[in-house]
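Single-letter residue listing:
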Amino acid sequence: MARALTLEQIAAQLGGRIVGDAGVLIRQVASLAAAGEGEIAFFSDSRYRRQLAATRASAVVVGPDAESLTKRPRIVADNPYAYFARVSLLFNPRTVQPVGVHPAASVAPGVRLGARVSIGAGCVVGEGVEIGDDACLYPGVVVYPGCRIGARTIVHSATVIGADGFGFAEDHGRWVKIPQIGRVVIGEEVEIGAACSIDRGALEDTVIEDGVKLDNQIQIGHGCRIGAHTAMAGCAGVAGSTRIGRHCAIGASAVILGHLEICDHVRVSACTVITRSIRRPGTYTGVYPFDAHASWTRNAALLRHLAALGRRVRELERKLEAKESGDG
Amino acid sequence: MARALTLEQIAAQLGGRIVGDAGVLIRQVASLAAAGEGEIAFFSDSRYRRQLAATRASAVVVGPDAESLTKRPRIVADNPYAYFARVSLLFNPRTVQPVGVHPAASVAPGVRLGARVSIGAGCVVGEGVEIGDDACLYPGVVVYPGCRIGARTIVHSATVIGADGFGFAEDHGRWVKIPQIGRVVIGEEVEIGAACSIDRGALEDTVIEDGVKLDNQIQIGHGCRIGAHTAMAGCAGVAGSTRIGRHCAIGASAVILGHLEICDHVRVSACTVITRSIRRPGTYTGVYPFDAHASWTRNAALLRHLAALGRRVRELERKLEAKESGDG
Amino acid sequence: MARALTLEQIAAQLGGRIVGDAGVLIRQVASLAAAGEGEIAFFSDSRYRRQLAATRASAVVVGPDAESLTKRPRIVADNPYAYFARVSLLFNPRTVQPVGVHPAASVAPGVRLGARVSIGAGCVVGEGVEIGDDACLYPGVVVYPGCRIGARTIVHSATVIGADGFGFAEDHGRWVKIPQIGRVVIGEEVEIGAACSIDRGALEDTVIEDGVKLDNQIQIGHGCRIGAHTAMAGCAGVAGSTRIGRHCAIGASAVILGHLEICDHVRVSACTVITRSIRRPGTYTGVYPFDAHASWTRNAALLRHLAALGRRVRELERKLEAKESGDG
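Protein chains in written order, with my numbering: chain U, 391 to 718; chain W, 391 to 718; chain F, 391 to 718.
Bound-form chain U, shown alone (with noise of 0.2 Å):
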């Protein structure tokens, strides 16, 4: 992809309006601090100003209200970070793995494949398994049979596709395996990041719908549905059977229990835990704050007690109140 592009060039394909040089030649993008001569960095956040200052990028994308911070030639863009994005894509291919099954995958007969897929080596994908056009699999991805994954999709090396979703019956003291009968389906641009586990269904399927990016060390449970376009950071777990919406984004190391309905446009913290389900859109948050070692001990001895000290200034404003009472 060593290419070049004018400003002119790059803005002719992805709009935006240009200020200053537009014949400047741009071949690879860059951060402010590290960009030199033909690349391009983008700013978006008034926390660099100083680093837009002193770039030394050929050319910076800026939104509206950053246009005179800079004299270099720039791209005006409503989302300057959206916008970089798509010029990285001008320079830079989504997937660096060629098209086709590796030699050394094993693909079981009678698996479909789209146009153009990318199965790296290592991989193995299960009979009945469907993949669509232009999905890419790194080494090493295991697909169980039966799942399905749409167009478009990435899943990155380690992750397993598939594998029986958490289904025991105590009898006994014994657990009596639950055979897991239902599928994963993943929908289109999905991206799913290294070392995930994506459960099958017990007796229905578990689905990740269109356009949901899942990043490293991500697990989600038997029979789950993760709504369009919602985002999840690495280490986040999803327990069984819980619906989470569309237009999510879960925090790092978030957990989600099962059996929950979590709506769209949610927004989970990091290492966040979500016990109860979540019916109004908005920001949800539970995380201890840290502290000095010695600090957090004096406090969390007391979190263990904090129902008694509760009453004990239930029990003084009952005093307090009784003696002004008296007092009147």
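It is worth saying that the hints were derived from the structure and are not from the lab. Each hint should be verified, as a subset may be incorrect.
[To be verified] Here are a few chain F residues that face chain U, going by a calculated C-beta distance under 7 Å:
#1 S496
#2 K567
#3 S587
#4 I664
#5 G672
#6 Y674
#7 D681
#8 R688
#9 K709
[To be verified] Result set (DMTMM-like, lysine to aspartate or glutamate): computed pairs, CA atoms no more than 25 Å apart in a straight line:
#10 W/K567 <-> F/E599
#11 F/K567 <-> U/E520
#12 F/K567 <-> F/D595
#13 W/K709 <-> U/E714
#14 F/K713 <-> U/E705
All values derive from a computational prediction rather than experimental measurement. Glycine included, every Cβ here is placed at the ideal spot set by N, Cα and C.
Got chain U; can you put chains W and F on it based on the hints?
For chains W and F alone, kept in the frame of chain U given last:
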């Protein structure tokens, strides 16, 4: 497994009492909501009473107390969920991978494989490993040298058994590696989910006893012992040298620190961190309640001054007491 | 490695002072409790004093203060645990995999491998990767194109190095992928456990400096830098663009959010969430104390009203103060 059985044939194998037409043909299991002609569902939770009433299942497994809640042909069993699991095992295999070693697996010379072992593509089984009868390793499992896996045990993809435990001695700011010379010894009828890691012991073995069930993304540190028939939900972690008893249930994302002892029949709630040994059966919990972000912010701010709040309450109590004795 | 060394030969290589019979033959290391004839154990924690008294080890490594606690042949060393580690390395290999590229590994053309590199079955090494002398990749490791791994570094199975960082720009409710064009650069004598994921940088490299030790299931986001000789226990996670200093110790399941700076010599307790930069060495903690479930329920309920409780205490203080000045 496309077979059909009458209710009578099912009950002949699994017990239970039939109410209604014992000749109804069953071909598969399904949920109450999705079941149709030829399918059997189960009912064990009164919250699904409406679904029971509306189900189109050809038959239902119910408990003795629910016998009269439906007119459908039904099997009455003491534990409908476990009965349903066993019915499902009549129609569906425990494992979906053919018996034998896949040609794309790497099995070291000298490995001892039991009868009917199934080893999927991309598995790597190291020297001196022993695997019992009817065990199943799904694609991409790695078993380091010297480990043992018992009969009928199932291991899902991308799980690593027997990697080095995290053992380093600090010496003048550097870490000296301690060779990990123990093994991992896994009992019979264990199931281990996808993307787990169970480390070999530093000096003695890491042991997973019979009937243990581990969900996905679980980490078991070196030298742990997990007691028979204990179940651990997804993303749980156990640090090194901890012993967990039999018949415990460890919730999703729970963490049990190292060098602890957890007695039999302990339940640890999801996302709880166990920092001390537990010597009495029961349920243990410690999870920060989530809230709307703004509420959390206000409450968490005070949490960092909880010990001081406690002192202020004590001071109020002291003053009020002094006042009262003064009043007296 | 079935060799035998006398205490004298061991001390000649590793230093230390022998007390008792220097000719005792040692063949292996073991714990105080399990050691027998021909085995050497170590003692560095006074809680194991009874085990020291009862040990049947042929010799023991002890600190100067413990020299007289046993009559067994012993080596006195300043740091018995580190000394023991070095003794173990005389009898056991650092890595158990043969040198060379396993025929079932996939190494792209143009990869630069140092001397005596060991690459296990099922590993996939992408284009342009460089791996230093004596490095060891256990089976099933994936290294994406362009990454570097330093000399003597060990990477355990199912670990993924260089997958795309989680970089997406939101645009009208859709996520636009930002190509991740940085690399992962790993220093020398690093050890990375099983099932870890270390993402390549978005624009600049992700860097793991010399001597870093990572346990299993660890997630390192794009653009992080982990300082030399820092150790991280299992399931810890570091979000993107965070820099961790040298000689830090990050506990199991700890999470460090993105865009932070952690200075040298910081200890983060297990299961603690670091939400702000840390500029002073020390130990930092934030973990919800677990309790019997019923107690937790009572206390956690009040935690959600802690700010209100604080106001009530302030109000009590105000009233009492008013009363006191009124009394005066």
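Okay, the hints, checked on the actual structure:
At a threshold of 7 Å, the smallest CB-CB gap from F/S496 to chain U is about 4 Å, leaving the interface hint in force. Satisfaction of the interface hint for F/K567 is found here, the shortest Cβ-Cβ separation to chain U being roughly 6 Å, below the 7 Å cut-off. Checking F/S587 against chain U by beta carbon gives a least distance of about 4 Å; that is within 7 Å, so the hint holds. Hint status for F/I664: holds, given a least beta-carbon distance of 6 Å to chain U, under 7 Å.
About 6 Å separates the beta-carbon of F/G672 from the nearest beta-carbon of chain U, less than 7 Å, and the hint is met. Hint status for F/Y674: holds, given a least beta-carbon distance of 5 Å to chain U, under 7 Å. Checking F/D681 against chain U: minimum C-beta separation of about 6 Å stays under 7 Å; hint holds. A least Cβ separation of about 4 Å between F/R688 and chain U falls short of the 7 Å threshold, and the interface hint therefore holds.
Contact between F/K709 and chain U, as hinted, is supported at the beta carbon level, the nearest pair being about 6 Å apart and thus within 7 Å. Between W/K567 and F/E599, the direct Cα distance comes to roughly 17 Å. Compliance with the 25 Å bound is thereby established for this hinted pair. Restraint check for F/K567 and U/E520: satisfied, since their Cα atoms lie roughly 24 Å apart, inside the 25 Å limit. Of the pairs offered as hints, the one joining F/K567 and F/D595 holds, with about 18 Å between alpha carbons and a cut-off of 25 Å not exceeded.
Taking the CA atoms of W/K709 and U/E714, the gap is near 15 Å; set against the 25 Å cutoff, the hint holds. Note on F/K713 and U/E705: the hinted pairing holds, with a Cα-Cα distance of about 18 Å set against a maximum of 25 Å.
The structure is consistent with each of the numbered hints, conforming to all of them.
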